[in-house]
Amino acid sequence: MSPVTPTEFMTIAAARALSNDDVVFVGIGAPSAACNLARLTHAPDITLIYESGTIGTAPEVLPLSIGDGELCDTAVTTVSVPEMFRYWLQGGRISVGFLGAAQIDRFGNINTTVIGDYDTPKTRLPGGGGAPEIATSCGKIFITMKQSRRGFVEKIDFFTSFGHGTGGDDRARLGITTEGPVLLVTDLAVWKPDPETKEFTVVSLHPGVTRDQVQETCGWTVRYAETVEETPPPTDLELTTLRDLHARTHAAHSGARPTAAA
Amino acid sequence: MSPVTPTEFMTIAAARALSNDDVVFVGIGAPSAACNLARLTHAPDITLIYESGTIGTAPEVLPLSIGDGELCDTAVTTVSVPEMFRYWLQGGRISVGFLGAAQIDRFGNINTTVIGDYDTPKTRLPGGGGAPEIATSCGKIFITMKQSRRGFVEKIDFFTSFGHGTGGDDRARLGITTEGPVLLVTDLAVWKPDPETKEFTVVSLHPGVTRDQVQETCGWTVRYAETVEETPPPTDLELTTLRDLHARTHAAHSGARPTAAA
Amino acid sequence: MAQFQDLAQAIAENIRPGDTVALEGFTHLIPHAAAHELIRQQIGDLTLIRMTPDLIYDQLIGMGLVKKLIFSYAGNPGVGLLRRMRDAVENGWPRPIELEEHSHSAMAQAYEAGAAGLPCAIFRGYKGAGLKAVNPNIREVACPFTGEALAAVPALRPDVTVIHAQRANRRGDVLIEGIIGVQKEAVLAAKRAVVTVEEVVEDFADLHPNACVLPRWTVAGIATAPGGANPSYAHGYYDRDNAAYLEWDKIAADRDRFLAWMETHVLKARPEIFQDRVAGLRRDAA
Amino acid sequence: MAQFQDLAQAIAENIRPGDTVALEGFTHLIPHAAAHELIRQQIGDLTLIRMTPDLIYDQLIGMGLVKKLIFSYAGNPGVGLLRRMRDAVENGWPRPIELEEHSHSAMAQAYEAGAAGLPCAIFRGYKGAGLKAVNPNIREVACPFTGEALAAVPALRPDVTVIHAQRANRRGDVLIEGIIGVQKEAVLAAKRAVVTVEEVVEDFADLHPNACVLPRWTVAGIATAPGGANPSYAHGYYDRDNAAYLEWDKIAADRDRFLAWMETHVLKARPEIFQDRVAGLRRDAA
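Chains as they are written, first to last, in my numbering: chain D, 1 to 262; chain L, 1 to 262; chain S, 1 to 286; chain U, 1 to 286.
Here chain D stands alone, though its shape is the one from the complex (with noise of 0.2 Å):
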């Protein structure tokens, strides 16, 4: 097999994070490769949600938009996007939401709306989606992306989602009870905040990377927890199941029929 790439390393660190009994919505642009091979390795129960309405789906490619045919073909059920917002993000029925971003900074606080000014931007970005009440409404929130200093920064452009706000109990004060961000998984390494001030630190180094690595590509000073571990590298398993999903979806994408097509 050919050596695992930084972002299959990031995909199957994040996977390993769901569990069986997760209910995870799937937000426009998140990683939902981490979720079906969740679902597809050691959490085949696991609920898989996207904001399109369809609930407990379990898709044979990934899908390119949140709305594929196939998520509804294989869905539980699948209902009306109001509803969807009402009665299973908002009515506090989801465990875990996933979340990208194109911007983070150290309390996990998200921008996906505009680089620049919000009136004047540099770059008009496609904007919040689901994301805002995600942040706030599902139990916890996973973050994956790729580390850069263009993303990993000291102060971010627009608050489209809520973190940790400055950090300590700023959820609690805004009258937020669930978790928030508690879990950042990257290329490079895996992210939890302190406790106490809610500041993101690493808490493992995938095999191989170092902590300039990891400061390189970070616009603010990294923090590391006491004990930093290496990141258990991907399985066999893991590693195949993810490459043929990949290969499946390359070839259904590229204007392939889907095999399973009837």
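FYI, nobody ran anything at the bench for these hints, they're computed from the structure. These figures come from a predicted structure and were not determined experimentally. Treat each hint with caution, since some may be false.
Example chain S residues on the side facing chain D (calculated, C-beta under 10 Å, incomplete) [unchecked claim]: (1) GLY78; (2) ARG170; (3) GLU185.
Quick list of simulated restraints, FRET-style, between CB atoms [unchecked claim]: (4) U:GLU98 <-> D:THR166: 54 to 60 Å; (5) U:ALA12 <-> L:SER148: 53 to 59 Å; (6) D:HIS42 <-> U:LEU267: 41 to 47 Å.
Listed next, the in silico DSSO-like pairs over lysine-lysine satisfying Cα-Cα at most 27 Å (straight line) [stated by the list, open to error]: (7) S:LYS250 <-> L:LYS146; (8) S:LYS127 <-> U:LYS250; (9) D:LYS155 <-> U:LYS127; (10) S:LYS268 <-> S:LYS132; (11) S:LYS132 <-> L:LYS122; (12) U:LYS132 <-> D:LYS140; (13) U:LYS250 <-> D:LYS122; (14) S:LYS127 <-> L:LYS192; (15) S:LYS68 <-> L:LYS122.
Ideal placement from N, C-alpha and C gives every residue a C-beta, glycine not left out.
Position chains L, S and U against the provided structure of chain D, taking the given hints into account.
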């Protein structure tokens, strides 16, 4: 054919007020006989909605409850009860609401809640059900009810649903934009509100009914429109259709299997 | 996560004295078998919620198990009044009962708000209605854009919701179809949900994608109770027993006759009798 | 009451310059054929509403027909940014565009409030979110029971909603199934609704009773437009053309290439071309 009964006359006169383009909300206790008679005679395309969620229903026999199975079997679609009250009633999609009453006053205010004091009632009635919002959300309200001194009262014991209040522009002053009660069909007469005062006035007497009879069965001093006509008697088609409907209904509810059951 | 249990166990494990309980069903799929089990277990001091309290609430009230009723229409649908409830309200027999009365629209939207995780429902209603004066849980909110005064009621959040559904699959997902009422909302608004079903099937193959399905992780206990909605009905299984609703009006008219009926048909009965009751009401029974 | 019309007539009779228009579809059933007809008729100064403005809004914006956009996620789903929209926002090309930006939850609930006849939607949202500071249409209301501060947004009430659906029956009732998105709410919230359908059938015999059907009296115009969702898809008819979404990223990257594409594929095209485009995407096409 046997002579027309007062109840038959009432049902037929009420049915005539409905048209092909109407979307009618048939609440609990409302005269679904009149609505279905209209559908089976002059208004085949009328849309009947029962608050159980059945939209565009066409039952072969009259339902005993507002949620009998045949309402769903013959409906264009069946929606949840919250959707029924939110999108269809509150959303302003209903042209006519049909109400019955235990007590009514001269302004079409209705009581189906209690006789006597609310907290220590002489008779506890079922309550309003959908009526409070039917009365204000439907384009207009038709009421059918047999006349009696007990039912047609100077002052109702409880305002279950609002008609024209104390008359005049009372509805508008409460911010209600719909017409409210525009028709009252009884076993003796047809009543419509005076354009100015909104007090119900008799516009036609059923054949053979005297003004004395109307007054004897009404707790307030009856007013008459300038021209009082005779209500046109039922046609053979109307009467036959209504009697057939009741015969089918009686057979079905007394335990015999519905003839349409497959 | 849904546990498959027998009915007695599902009721005993999920409903406690003093709980706020919604046994829902809008004419269709009313959970009669579950209500009778609740009566047999004598779980009392209940606050009952339901838009259309009918026979089963008349029975629970008549047996003295109910402290308070939150409702919008208390009648025997198409027949008349609920005579046991009237006796409790008018005469305090067998015990006085507290009422919190709403309109259907308010109740439906309050369940909806409960399912949606909101503290209250805000809607256009109760204009000119007398209930505003007698129910302190009807308040007003001004729309922050138009200034319009809108009615507000607290969200309904039962401790337990009990419903009857057509079927579950082996994983524990539950299917409701036909007149679906407020059942989905009542289940999602509740802390726990107990579901009785006509049958358990292997899977829901070829089901319409937008059918009303409650995923297994929204339900606490599932009990098989064929015929369990009778004299209400289960769309696709058996018809409504309209004659029984007409008969109830006579049974409930008299305290002694009521108690005798309950003794025979509920206290000394078992959930299995429901299956026999619907035998003649099945579409394929002729 | 639904009129059966050809697409050009349905668009011309129902959409006027300056209207507020929602062409809805959440990934599935996006009304591409109708949007292209709107572009051919050059109906401009539009305020467009949509949760997920994607290719068709990129096209309408790039052709200069849009004054304002009310939205919650403006991206080419799974691919990236909307390059024509970016050009309008960042550079004012071909004209500046006003933005009113919300979250998905806010938009979904605002459509729901529109369908429910309410002036605003009240929900638990926007806590700690930056949009509150830049969008004056995000306000707060206190729950009159708990005191909790809830977010409020105005109800969405389009002049016209345009959707694509699987089919209509001859009476004019419309069926939507699969991922149903916010289409029912968008139609019921609007003053007028235009629906394109894959086909018109005699009746909806044997349809599931709880399927999403819009009765004929909720729709103004119905036009048959087979393939009219392409490159989006119609569940049960043809698959999503994911390759076309990837290709759009290149077309929209350059103003000239965009204009040339629009000239060939929209301005000089006819609604009938959609049928050909989906020929290879039908499940039975292999």
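Comparing the hints with the structure gives:
{"no.": "1", "hint": "GLY78", "in the structure": "violated, 31 Å"}
{"no.": "2", "hint": "ARG170", "in the structure": "violated, 13 Å"}
{"no.": "3", "hint": "GLU185", "in the structure": "holds, 8 Å"}
{"no.": "4", "hint": "U:GLU98 <-> D:THR166: 54 to 60 Å", "in the structure": "violated, 32 Å"}
{"no.": "5", "hint": "U:ALA12 <-> L:SER148: 53 to 59 Å", "in the structure": "holds, 58 Å"}
{"no.": "6", "hint": "D:HIS42 <-> U:LEU267: 41 to 47 Å", "in the structure": "violated, 53 Å"}
{"no.": "7", "hint": "S:LYS250 <-> L:LYS146", "in the structure": "holds, 24 Å"}
{"no.": "8", "hint": "S:LYS127 <-> U:LYS250", "in the structure": "violated, 56 Å"}
{"no.": "9", "hint": "D:LYS155 <-> U:LYS127", "in the structure": "holds, 19 Å"}
{"no.": "10", "hint": "S:LYS268 <-> S:LYS132", "in the structure": "violated, 43 Å"}
{"no.": "11", "hint": "S:LYS132 <-> L:LYS122", "in the structure": "holds, 21 Å"}
{"no.": "12", "hint": "U:LYS132 <-> D:LYS140", "in the structure": "holds, 23 Å"}
{"no.": "13", "hint": "U:LYS250 <-> D:LYS122", "in the structure": "holds, 21 Å"}
{"no.": "14", "hint": "S:LYS127 <-> L:LYS192", "in the structure": "holds, 22 Å"}
{"no.": "15", "hint": "S:LYS68 <-> L:LYS122", "in the structure": "holds, 20 Å"}
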